[in-house]
Every structure is written in C-alpha cells, then in structure tokens.
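There are 4 protein chains.
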Amino acid sequence: MMVETQEEVPEIREPLERVGITNLRTVAKVRWKGKEYTFLPIIEVTIDLPAEKKGIHMSRLVESITEAMGEAVEEEVLRTHTSLEELGRSVIERLEEKHPHKRAEIWIKTHLILPRTTPASGRTTYEPYDVEVGVIKSENGSLEKVLRVRVIGNTACPHAMANNNGKTHIQRAVGELEIRAPFDEDITLEDMVDTVESSFSSPTYTLLKTPDENAVVRKMFENPKFVEDVAREIFSRAKERFRGKIHVRVISNESIHKHDVIAETWS
Amino acid sequence: MMVETQEEVPEIREPLERVGITNLRTVAKVRWKGKEYTFLPIIEVTIDLPAEKKGIHMSRLVESITEAMGEAVEEEVLRTHTSLEELGRSVIERLEEKHPHKRAEIWIKTHLILPRTTPASGRTTYEPYDVEVGVIKSENGSLEKVLRVRVIGNTACPHAMANNNGKTHIQRAVGELEIRAPFDEDITLEDMVDTVESSFSSPTYTLLKTPDENAVVRKMFENPKFVEDVAREIFSRAKERFRGKIHVRVISNESIHKHDVIAETWS
Amino acid sequence: MMVETQEEVPEIREPLERVGITNLRTVAKVRWKGKEYTFLPIIEVTIDLPAEKKGIHMSRLVESITEAMGEAVEEEVLRTHTSLEELGRSVIERLEEKHPHKRAEIWIKTHLILPRTTPASGRTTYEPYDVEVGVIKSENGSLEKVLRVRVIGNTACPHAMANNNGKTHIQRAVGELEIRAPFDEDITLEDMVDTVESSFSSPTYTLLKTPDENAVVRKMFENPKFVEDVAREIFSRAKERFRGKIHVRVISNESIHKHDVIAETWS
Amino acid sequence: MMVETQEEVPEIREPLERVGITNLRTVAKVRWKGKEYTFLPIIEVTIDLPAEKKGIHMSRLVESITEAMGEAVEEEVLRTHTSLEELGRSVIERLEEKHPHKRAEIWIKTHLILPRTTPASGRTTYEPYDVEVGVIKSENGSLEKVLRVRVIGNTACPHAMANNNGKTHIQRAVGELEIRAPFDEDITLEDMVDTVESSFSSPTYTLLKTPDENAVVRKMFENPKFVEDVAREIFSRAKERFRGKIHVRVISNESIHKHDVIAETWS
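Chains as they are written, first to last, in my numbering: chain A, 1 to 267; chain B, 268 to 534; chain C, 535 to 801; chain D, 802 to 1068.
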C-alpha cells in the first residue's frame, strides 16, 4: 500500500501560491506559419496548494509536460502547436485532468533563431534571440500570457558625439520587452523582436561582409542614442503596436566603463 | 564649451521610471554591533527621468557611491555605516545634492559570512549567505527598504520516507526570504538568515567533524520536509517575527531528478 | 576601394594560436540512426594567425558556419550530418576554401535529450544532458575530436551510512566525462552519457511515479558512494569502453554543506 | 566507535589526482604594502588520493582553510598574509599536518579593487578586477603559483576605421592574463592588471566626468585595435615583464554582432 503523504493535513496551514517543478530542460516543437521550429526550452510549471494539503503530486506536472511535448521527439509529428503559448496552454489543459488546482502557470524559456537580411550585401543571416513565454490561468479560469524577448543591439553616445567633433563611444546594448495580455491577444514574438531591434542605434548581425559592416558603422553614427533613448523608443513603439501591460528594460555594456547603464519603464 | 546633451528635450517625451548604473562592483565597509565588516558588493543606483529631459548625468550617481564608500578603502575609517541599508541611504542623500530627481533606488548585492557552532563538537564554523539590500525613496520622500537573504539548507522527502521504511531521498535546497518595509522598521539580515536556516530539515555547516555529520544526518531523518513544508515554515515564522511585505521562495535540487522543485508564496 | 587592414603587417609580430568567433548561438540539425535531432548550440570557431598578418577575416568563419548549418533551418533538409562532430568537420572543410590557416578548431556546446525507461513503472522519460564536441585540425592536417558529456546523478555517503545505522546524507551530483581521440575513433555521446549515468549511486529521472521513486531510493541506499567512488567508476569504465585520452570530474552538491566536493582524474 | 570508511580499500583501485572541496565561500584578509585588504573569495582545495584508500577526510581540508583564515574574521588580526598566494601556502602548510598527501592545490577566486586616476580631471576612481590565485604543491615538494587577472577594456576596430573615414565600431573587451611560475617568483596581481589594462584601445574607468569621457573617446580613436592586437600587446609586454608560463585570452563583445570575437595565445 502506498502512502500519499501529499494528501495529509500539514502542521502549518498556509495556502501556497506557486508549487511545482522548475529548471526542467526538454525538447519542444512548434509549427508556425507552415514551418516547424524545434526548441530545447527550460520549463517551469506551478499550481497553487490549498492550506489543508501537505503537498502537490509533482510527477503529474511532469506527465502533463511529457504528454504535451511527447510528439515533439517523434519524427512523425501528429499534432504540433502553432506557438509556444499554444504549447503552454496545452500543458495546462492536460494538468486540469491530472491534478486539482485553482491557479496554474507555465513558463517556457528558449532561443528563437530568425532570418535577417544584411544591410548592404543583402545576404541572409540567422539571428538569435532569447525569449520567454508564460501562460497564467487565474482562479476565475481566465487565461493570460506573458511574452518576453531579449535582443542584442548597440548604443552610440550622443553626448560624447556632441563634445568630440562627431567621435563617440559605442557599445553593445541589450533590450528587453515584456508584454502581459489576455491569451487571445494577437502578439507575436517576432514582432516584439522587431520592435526592440529597430530601436537601437543600429541592429546587429551575425554575418557582416565589409560593405555591411560599413553600413552598420554609418548607421550607428547617424543615429546616436542614450540608453534612455532606446528605452523610450521601444516603449513608444510597443504601446502603438501591442495591447497589454508593457515593461521595457535596456542595459548598455559601456565601452568606457566596467559597469553597465540601465533605463527601465513600464505601463 | 561642453554640450550637455542630457539637458535637451528628447524626441519621444516619455518619463522613465528607473535610469542609472548597474553591475558596478566596489568595496564597502559597515560597522555593526561594534565589529567592522567589509563587503565587495555589486551595486545598482537609479533615479527617474522626466519626459522633457533627454538623459541623466550618470557620473553623478557614481560620485554619490564613491563618496559614500570613499572612506571604506582608507585604512583609517572616519565614518562608517551601521548597516548596508544605512550605506544605501547615505548614497541616496548624497545624490539629492548632486542630481535632481523625484524617485531614487539603490540595490546592494553581496555575501554575508556569519559564525555558527557545529551541532555536536561545538566548533566555530563560518557560513556564507547571499544577501541583497534595496533602499527606495518615493516621490513623497518616504523611504522603504527591501531586504533579501538566500540560505542553503536541505530537504528530506517525507513521502519517500513513508513508503520506504524510513529511507528517503535527501537533497540540497535553497530558501529565499524577502521583506519590504518602511526604512526604520527594525529588521536585521542576520535574523532573516536565522529564520530561513532553521526551517529546513537541518541547517548546513561548512565544517563538520564525524560526530557533527552524524547529528546532521539524524536531524534530517527526524525532520522530513517537502519543499512546501520549508516554504510554509519560513513564511509563518517571518510573519510572526517581522513586519512588512513578505515573499518566500524555496527551491530543492532534487537528488532523484535532473530538475528542481519550487514552492513560493507572499503576503 | 576597400582597405584590408587584416592583411597588413602588425606592429608586434607574434603568431597567435587561436583567433576567431565565440558565443555564437545558432540552429543545427543532425540525422543520427535514422532520426533527426535539432540543436540550438553555442559555437566557437578559431584558426591560427601568422606573425606577419594583423588580423583574420572574421566574417569568413561565420560564412563557414552558416553554409554548413544553412540547410538546418530549411524544412526540407537536403544534406544533414550524422553527428555533431561530422557537422564540425563540415565547418572546418568549408573554412579551408575560405581562409588560409594551419590549424583550426570548432567547439559546439548544446543539450542532448535522450529517452529512458523508469525503473519500476516502465514509462518513457526524456532526460537532458549537456554535451560539447570539439574538432581540432592540427598543422599536419590530422583531425582530432574532443567529446564531453555532463550528467546529473547522485551520491549517498557510505561513511555517514556506516556511522548512522544505515541512515546517510544523499545529494545531487554532476559527472563530467571528456574523451580526446582521433576523429575516426568510434565513440558516441550516448555511450559516454550511459557510462557516467550508471556510475552514480542511482541514475536520475525526469518522470518518476511513486513505485519508481521507491526504486530509486532503494537503489541509492544499496549503492552508497563517495564522490571518489563515482569518479573511479566512470574512469575505469571509460578506459575499458573507449580509446583516447580520458578526463573525469565529479562534483557533489553536498546536502549537509553549503560547498561542493570534487574528485577529478585523467589518463 | 566511529567507522572510518575513507580508510577502507576501494573496489576500484585507481589513484585520483584531485579530491577535495570546491565552491566554498569565505572571508580572507591580506596585508599588502602596509594596507589591509579584505576579500570574500571562492575557494577550492584538493589533494591526491592513493589507489588503496577509499576517500579523503574532507573536513580536514575545511579546517586548514578555517585555521588559516580564522584571524581574518576577528577584529584584531594577529597574523595576516602579505598576498593571496601567501594565504594559499599557509592553507597548504596546515594541510600537511592534518592529512597525508603527495600533491596539494588551492585556488582562490576573488575581486581586487584598485585606485586609479581619471585621465583629464585627475580624480580618484576605484576599479574592480577579477583575480584568481592557485598554489600547487607537487610530489617532489616544489611549490608553483598560478596568477590570473581579468580586466575590462575596449577595442576600436581599425578595419572599419580605415573604410569609414575615421568612423568605426567600438566595444567593451575583456582581457585575461595567466602566469604560472615558481612560488618565489616576484609577480604581483597589480602589475599583471596594469599590463592588461594598458593594452586596450583605452583603459576604462568607473568614474568619468565629461572631460575624462572626452579623453577616453579621443584615446580610443587614436588607438584602434583588433582583438588580435590587444592579445599580442598583452603577450609581448607580459613576456618582457614576467618570468613564467604565460597564457593570454582576449574576448571582444562586438557592438555590431550578437556574438563575441576571441584571440588567444600562450608561451
């Protein structure tokens, strides 16, 4: 006979908001716009725990992930999801059949590789972006999503440029955009990446031949920006383009300092 | 003639909540209960930026830190702070003279090394804890602090113990406690560490002779706990002991899985 | 007219061993044993630089990667590689046509997800492993490979068990195995993972129902091991099973301490 | 009666090169040139394990550290070490009395904060550097040290400058210098930091007023360097200045790419 310690009444009767598994690495497939994308995400899944239960049944969370992902490791995919948030919803739906709960969350952290065209030679280059997708089911059954992208760009300092006859310090910068919205709101990670990437002094590219490199250098000098300017531009464009609660954070890895500078705002 | 580009009116007139410097490593000294402690913290300082200014003067933030810390690198310390949050307030006070702003924040992340006594042989052992202190000045001038500690302990699974005649899986676990309170609320990092450390199946120790190791092993088996139990115990003790907004997160590095389990709650 | 600064003679005439690109995230596909695996690896590619040249042409390294990987992002894959080291060799071969050099290296770091069967309920579970593959072309044209796997398992302390009537401390442990061998030596990452995973007190599993969890607990208690025992077992099995230079490192995240313990050896 | 499992003969009789403790955070004090410096290092200590012993006595390694460091946490320091490597040797000396071994190693990883003067306004600024010190005792009793410094600087690309009328891309770069030498060789971490820092397009500073910022910008444009140039300059200067085995690695966080570029060489 198995003992189900999780079902016992705990000594300390406190409800817990988020109990589950985290840092689980797995494989996932998504079919988006007719193409199949494979991800190796890190996943977190949590549910709430009522005051009168000692613990949750952790293996059922893993089963929900495994079943929703299961097809992904088969060569012939019978059912794929059209986005990472669809996949997240699918895990939560399976969880509903397996484990009682009032609230549930899933967070999927991975990399997106998107094709771009270089600015002068017109070559195709594949650019990596860090993305994270959360799906949150509330007590009332409503479903929200949180979409996050992290894009590498650059800043060319306008203050140094004004004081040094057009010379200035330039550096890598990282822009982060988060949107929290109802699940059915039409927002794509690709559009979010585009919003951030176009707000730097210049976009960056993995492949750059010399004419492309020259084009990027010219663009940076024509387009000097403080970290504050980049944050404002991402925020202003995101408000125009997307509906939801917006959070922007930009960090510039200053080439003249050992520390970074930061600009952050939210709606 | 210097150009002050920061003072110009930006194209996009959006106020920004947090603009400043981050990931700045420095040295700091604090005199607490008659003893002097040296830290090598990572610091973030931000202020708000109004819609009509293009940028902030970053170097003035660095100057505020440098001046408040300055004495710390001199052998003869003329003025020391009695806690990390006192040091944070001192940076914000200097900032008030240097740069106009309505809101200001400082975050100081470092390690605390505290003496402990081993459970059987009674030896002194020095235990490391990750801590972070934030001081937040609001628009109305009120001052809040955020105190965070991160403590390494362990969990011994009660479910496996009930199903395996007293045998079970045991693992390292990490407990995090955050308290947000008015600046003058009397809360010490040391007491917060103690609250978390006493909530695991057993505390952990850097130095353990064989009789000590035996005592820790016995304690873990007498005191089996889910990650949920640890979170509830920290939360319940913290609510009794401290006033403020409390956030608890416990992560257990399961010895039977490659992923972790998590329990989280807040007031 | 473009200036090719890289071709100039540098002020300081020192040959450099390794010059290239690093931390490049991309997508790669490999067809192994009839199944297709997608990876999102981090890549480093370097070549040597002779004393009389100022720099290398970095974009040609990126082109070699892009071309070798190119097919991987197309849905219809015309040519795939049968292993990560085949893919690495393919990058080096393309590099030979693009950039003169005497020595070349590529390092591909990614995650491998492998199916396993749980010990009692016989379910399928997908387990993640960190892997890294290096391909090194020497001045004489010979090709070597370096294969690395990193596997999460556990240790149950035999010393505490002997002193506490069968009770002991248990914890997550990480085993690393590296083999350096001629390129054509028949060694698979999967076999290396298996060698490490079977050397712990017990393997770990992502999915464990209660009977499986009981089986793992029993196995850990029947099989107590120091970190030293795990290192010796991996080393001894690897020497029997694989030809090449072997390096073993095991780190145990002690549940009774805040620090880790380590055992390391090499052939 | 205690059982000493470590003293038993193991099933697999393989000697192990390095067995010990790692990732131990503690506090250490060093008195150098008349001033006292406090560190919060991460420490690794290992010894060899002969084929016929099952394990080492881990707690004795911790005791050696604790005793050598012990004074550091007392306000009145009775004995301090004159350098991190002196402190490392002191740990190894104590280990000799506590645990039989043929080889021993200690690695101490920490941050060094050094005063600098800004280039135009002449202010004092405190600059952080990552450092690591190893002390290695061989079977024949000889003592070697390994000193590592990691310095943040920058590169201004000479190729882009030649092709864009003096405009170019600039970015943060990280230079690492390692020297392995007999213990008594006179080499200071401060001199090593200086060797690396002076090899970039410009040094970087934590505090920079506008005239200082202008000076750094001018210096970067007057001094364009590939990552290869920086590596060569560090290597060439280090060979002139220090005796020992030298390893140099420079990584440039390209502002026009999402990946980094690397140049590495060794003697």
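Some hints here could point you the wrong way.
Stated by the list, open to error - Below are the DSS-like pairs computed for lysine-lysine, each with C-alpha atoms no more than 30 Å apart in a straight line:
id : chain 1 : residue 1 : chain 2 : residue 2
1  : D       : 854       : D       : 834
2  : D       : 1040      : C       : 587
3  : D       : 836       : B       : 376
It should be emphasised that the hints constitute simulated quantities derived from the structure, not laboratory data.
Checked hints:
1. D/854 - D/834: Roughly 44 Å separates the two Cα atoms, so the pair is violated.
2. D/1040 - C/587: This hinted pair holds, its Cα atoms lying about 20 Å apart.
3. D/836 - B/376: 25 Å, holds
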